[in-house]
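Colleague: Sequence:
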Amino acid sequence: MNQEHRLREIVTQLKRTLPAQAPLKDFIATNTLYAFQGLPFSKGLLEAQRKLGVRTYLTLSEYQKLFQSGRIKREVIEWLASNRKEEVLESLTNSESVVKSESEARSRLRDLWKKKYELDIITHVHPVFFRHLGHFLDQGISIAPMPFSDLGFWRALQEIEQTSKLSIFNRGKKGRAHSLLFESPWKALQEALKALVGSEDLFETYLFEMVQEHPGWSGLVSVIEGNPEHLNFVRKISLQEALAFELLLELDYVESFTKMNWAPLDSFQEEITKTSSTSSAQNESDQNLLQVLHSAWEWTYYRDLLTGLKANNQGTPTAPVESQVFFCIDDRCCSLRRHLEELDPAIETFGTPGFFGVEFWYKSEFDRFPVKLCPAPVTPGFLIRGTSPQGPGKRLLETDFLLSRLTHTLFGGWLISQTFGLLSAFRMILNVFVPSLSPKVATSFRHTDDRIQFKLLRGSESEQEKDLKLGFDRNEMADRVFGLLRSCGLTDNFSDLVVMLGHGSSTVNNPHYAAYDCGACSGRPGSINARIFCSMANDPEVRELVKKKGLIIPDTSVFVPALYDTTRDQVHFYDLSSVPETHKKKLKKLKHVLEDALLRTAKERSRRFEDIALDTPPLKARKALRKKSVSIFEPRQEFTHSGNAACIVGPRHLTRGLFLDRRCFLNSYDPKMDPEGGILANILKAAVPVCGGINLQYFFSRIDNEKMGSGTKLPHNVVGLISVANGTEGDLRPGLPQQMIEWHEPLRLMMFVYQEPQVALQAARKIAATYEWIQNEWVKYACLSPTTGDFYVYEAGEMKPYNFFGDAPGRVSSSMDLVSTTRDYLPVTLIGEHK
Numbered sequence: 001m002n003q004e005h006r007l008r009e010i011v012t013q014l015k016r017t018l019p020a021q022a023p024l025k026d027f028i029a030t031n032t033l034y035a036f037q038g039l040p041f042s043k044g045l046l047e048a049q050r051k052l053g054v055r056t057y058l059t060l061s062e063y064q065k066l067f068q069s070g071r072i073k074r075e076v077i078e079w080l081a082s083n084r085k086e087e088v089l090e091s092l093t094n095s096e097s098v099v100k101s102e103s104e105a106r107s108r109l110r111d112l113w114k115k116k117y118e119l120d121i122i123t124h125v126h127p128v129f130f131r132h133l134g135h136f137l138d139q140g141i142s143i144a145p146m147p148f149s150d151l152g153f154w155r156a157l158q159e160i161e162q163t164s165k166l167s168i169f170n171r172g173k174k175g176r177a178h179s180l181l182f183e184s185p186w187k188a189l190q191e192a193l194k195a196l197v198g199s200e201d202l203f204e205t206y207l208f209e210m211v212q213e214h215p216g217w218s219g220l221v222s223v224i225e226g227n228p229e230h231l232n233f234v235r236k237i238s239l240q241e242a243l244a245f246e247l248l249l250e251l252d253y254v255e256s257f258t259k260m261n262w263a264p265l266d267s268f269q270e271e272i273t274k275t276s277s278t279s280s281a282q283n284e285s286d287q288n289l290l291q292v293l294h295s296a297w298e299w300t301y302y303r304d305l306l307t308g309l310k311a312n313n314q315g316t317p318t319a320p321v322e323s324q325v326f327f328c329i330d331d332r333c334c335s336l337r338r339h340l341e342e343l344d345p346a347i348e349t350f351g352t353p354g355f356f357g358v359e360f361w362y363k364s365e366f367d368r369f370p371v372k373l374c375p376a377p378v379t380p381g382f383l384i385r386g387t388s389p390q391g392p393g394k395r396l397l398e399t400d401f402l403l404s405r406l407t408h409t410l411f412g413g414w415l416i417s418q419t420f421g422l423l424s425a426f427r428m429i430l431n432v433f434v435p436s437l438s439p440k441v442a443t444s445f446r447h448t449d450d451r452i453q454f455k456l457l458r459g460s461e462s463e464q465e466k467d468l469k470l471g472f473d474r475n476e477m478a479d480r481v482f483g484l485l486r487s488c489g490l491t492d493n494f495s496d497l498v499v500m501l502g503h504g505s506s507t508v509n510n511p512h513y514a515a516y517d518c519g520a521c522s523g524r525p526g527s528i529n530a531r532i533f534c535s536m537a538n539d540p541e542v543r544e545l546v547k548k549k550g551l552i553i554p555d556t557s558v559f560v561p562a563l564y565d566t567t568r569d570q571v572h573f574y575d576l577s578s579v580p581e582t583h584k585k586k587l588k589k590l591k592h593v594l595e596d597a598l599l600r601t602a603k604e605r606s607r608r609f610e611d612i613a614l615d616t617p618p619l620k621a622r623k624a625l626r627k628k629s630v631s632i633f634e635p636r637q638e639f640t641h642s643g644n645a646a647c648i649v650g651p652r653h654l655t656r657g658l659f660l661d662r663r664c665f666l667n668s669y670d671p672k673m674d675p676e677g678g679i680l681a682n683i684l685k686a687a688v689p690v691c692g693g694i695n696l697q698y699f700f701s702r703i704d705n706e707k708m709g710s711g712t713k714l715p716h717n718v719v720g721l722i723s724v725a726n727g728t729e730g731d732l733r734p735g736l737p738q739q740m741i742e743w744h745e746p747l748r749l750m751m752f753v754y755q756e757p758q759v760a761l762q763a764a765r766k767i768a769a770t771y772e773w774i775q776n777e778w779v780k781y782a783c784l785s786p787t788t789g790d791f792y793v794y795e796a797g798e799m800k801p802y803n804f805f806g807d808a809p810g811r812v813s814s815s816m817d818l819v820s821t822t823r824d825y826l827p828v829t830l831i832g833e834h835k
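Mapping of the sequence shown onto my numbering: residues 1 to 835, in sequence order.
Only true hints are included.
Each computed DSS-like pair below joins lysine-lysine, with the alpha-carbon atoms no more than 27 Å apart: (1) K713 to K25; (2) K259 to K174; (3) K672 to K685; (4) K15 to K236; (5) K174 to K187; (6) K549 to K685; (7) K259 to K173.
Simulated from the structure, these hints should not be mistaken for laboratory data.
The structure presented is a predicted model; accordingly, all values stated were derived computationally and were not measured.
Take the sequences, apply the hints, and build the full model.
Modeller: Right, here's the structure in full:
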C-alpha cells in the first residue's frame, strides 16, 4: 500500500470521529457520537471515552442524589442487576464510594514539541489557521470575501501566496512550507508529516491528535466537504486540504523558532507514556458500574411510562369530532395537544413530522438563496416559488443605507457611528428594559404571510430550474396528501375543520435559532409547509385523485394552515379567505379554545424558569415568557427539547388523558391500516434518526457540556455566520449550549410502537440504518400488542414479553392541578375521571 493511499484511509477514518454539525442556518440535532453507533451502546461509550477523552455518564454523586430522591428505584436495580445488586446499592448508599467517570489524562505525541523544544503549537498556529478557514468560509460577516475563494481553498491559498508581496508563512517564500503549498494537498500532507513526525507508523496518531485539538473546525470542514449546499455562498474545501495547510503552518513555525535545529518526533518515541493496563482495567470496571446505574435510572422512567400507558385504557373516543388538528411530533407540542383535548373533547389531534409530508426547496422573491423545507437527510426534487406585491419591507432593504457598505468605510463608519450610533445606543437601552418585537427578532411569523402566493402547480415536465421541478403536478400532490392522512390513520370521520399546525419560535440574539424551529423543516418554521399541504388538500382535482386511491375527503372538510410559536405561546392562522362562511363559526370556537389552551401551556412551561413564581397566573406567565422571547440579554428563551425521553407511535387514545410532562414525541399511527408494517417502517425511518438524534445530542451535551456541548452562551461569538466560538480565535463549539440543556435528564429515547411484536420487529429490521439504532440500543424499542394488550421490549434481536410494571399512576381532574406544584419533573399521571 503506497503512502498516499494510506493517508486517504486515515483521513476517511478521522472524519468519522468528528462532529457532524451543519452550519448555524441548518443547525439540526445529530448523534454526537455517531462514529461509535456501530457498537453496542455501552461499548460505544467506553470506546468514545478512551479515544476522545469525553465523559459519557454522570458522576457517582449525581446518581446517588437521584437514588436518594427516588428517581432511581431500588426494585429497578434488583430487577436489572440481580447478580450484582449488593455492589450497586453499596455504591449508591456509601458516601465514601469513589468511581471515576472520566479517563485519566494521557501523554500525547504532540506534547513533545513543548517538552523538547518549548514550542507552543496551539498558541502560534491555531489563530492563523482559524483566521484563514473563517475568512474562506465566511457567509456575510467579513466586508469582502477571501480573494480567489471561488477557486477552492487550496487554489485560493496558492494564488494568495503567489500574487502577494507578503507570505503567509514566517519564513517567507524561501521556506519549505512555501514550496510544499504549490504541490497537491496529498503531497503536501505527506511531506509535512515526514518532516514533522518521521515514522509513517505515527502519522495516524499525530493527525488524530491534531484534529481533536480543534474538532469544531475540523468537523465543519468535513461536513461542508460532503454537503457544500449547507453554505449559501458555496465554497470548495476538503479535510485533507485543511490538514495539509495546518501542517505547513506547523512546519513553518517549527523551522522558524528552532532555527532549523530540530528532529522529527519519532526520535523521541520512547518518551511517550501510556496509561497502564491496571488503570485501564480499573477505569473499565468503573464505567461498567456507572452503566448499570444509568440503566437503572432509565428503566425507572421507562417503567413509569409503560405503567401509565397500560393504565390509560380510554379506548377510541366516541364523541362526535368537530375539529381535527395536526401537530408536529415535536415534544413541545405534547402539552398544547393535551390542553386542547381537556378543554374540548370534540377536538381530535394528530402528530406527524412537521413538514407534513411535502418535501421541497422554497424561494420567495425576497430570498437570494432557496431554503430546504423538509428533513435534513431528504433531498427534495422540487422548488416552490413565493411571490407577492412589492411591500415596504423590500423597499426598506433596498434603500436603508445603514445596511450598506458605506458603514464599513473609514469616513462613513465614523460619521454614522457619531450620529445614528447615538440613536442605536438609546434603542438598545430601551430594549433592555422594555423588550418588544422588532426587526432584530427572528420571529417565526415573518417566514410567510397571506400576501405571499405560491407557484404550486407545475404545468409541464419542462418547467425546471437547476434540475428542480418548479412545483408539483396533481398526481404528486395526491400522493402526498394520501400518504400523510393514511399514515396518521385519518381515513374517515373527517371533521369540517382540519387544521395543519406547523411550529416555529421567536428569539433574538440567538445564534442557535434553527435549533428552536422545526427539525423536520431543516430548522425553519413549518408555516409554508402547512400552507402548501392545505392548498393541495383543498384542491378538488387532487381530492378526486385521492379518492381513486381509496380515501374520500368530504366536500365539507376544509384544511386550514396555521403556525404555533413555541416561545410566545401564540398561534396565527393563514389563508382564512379560503374558509367558507359556513365554517367560520366553528373556526371562531376553535380559536377561542386554542387561546385558552395556549395560556395553559404558557403556565405549564413557565414552571421551568426560576424567575417566574410557581403560583403566577397563566396570563401573567405568558406575558413573562413573551418578554423573554424578545429580550436581547435573555439566554433562555425556552428549553426546547429538554426532558425528551420517549417517542410514541400509535393512535391518540394511547396517550389522550395522560400527563407526560412534555417529554414525548407523539407520532400518530393506526396499525389496522398497516398489517404488514410498511407504514411503520417508513415512520421509523424518519422518527428514529430524527428523534434519536435530538435525544442523543441533548444526552451528550448534558453529560459533558464542555467537550460534547458548546459550554455557556455568554462568551460565544458568531464566526462567519456559520458557527460560534469562545472569544475571537477559539475552536468552533458545535454542540448545544449549557442554557439549552440545564433541565435535561440524559435518558436514551424509548421508541414505543402500537403494533404486534413480530410486525414491530419486522418493520425495524426493514431498513438497516434504522435497525442499527435499535439493535445496538442507542434507542430503546418496545411495543404494545393491539390484540392481546401485552407489552414487549427489544432485547438481543427479539421482542421479549415485559411484565415489570410499577404501582398504578396517580390521577388528577386536570393537568393544571400539577403544573404549579414543582419545578422538577413530574410522574406520568392520569387526567380526568376514571371511566
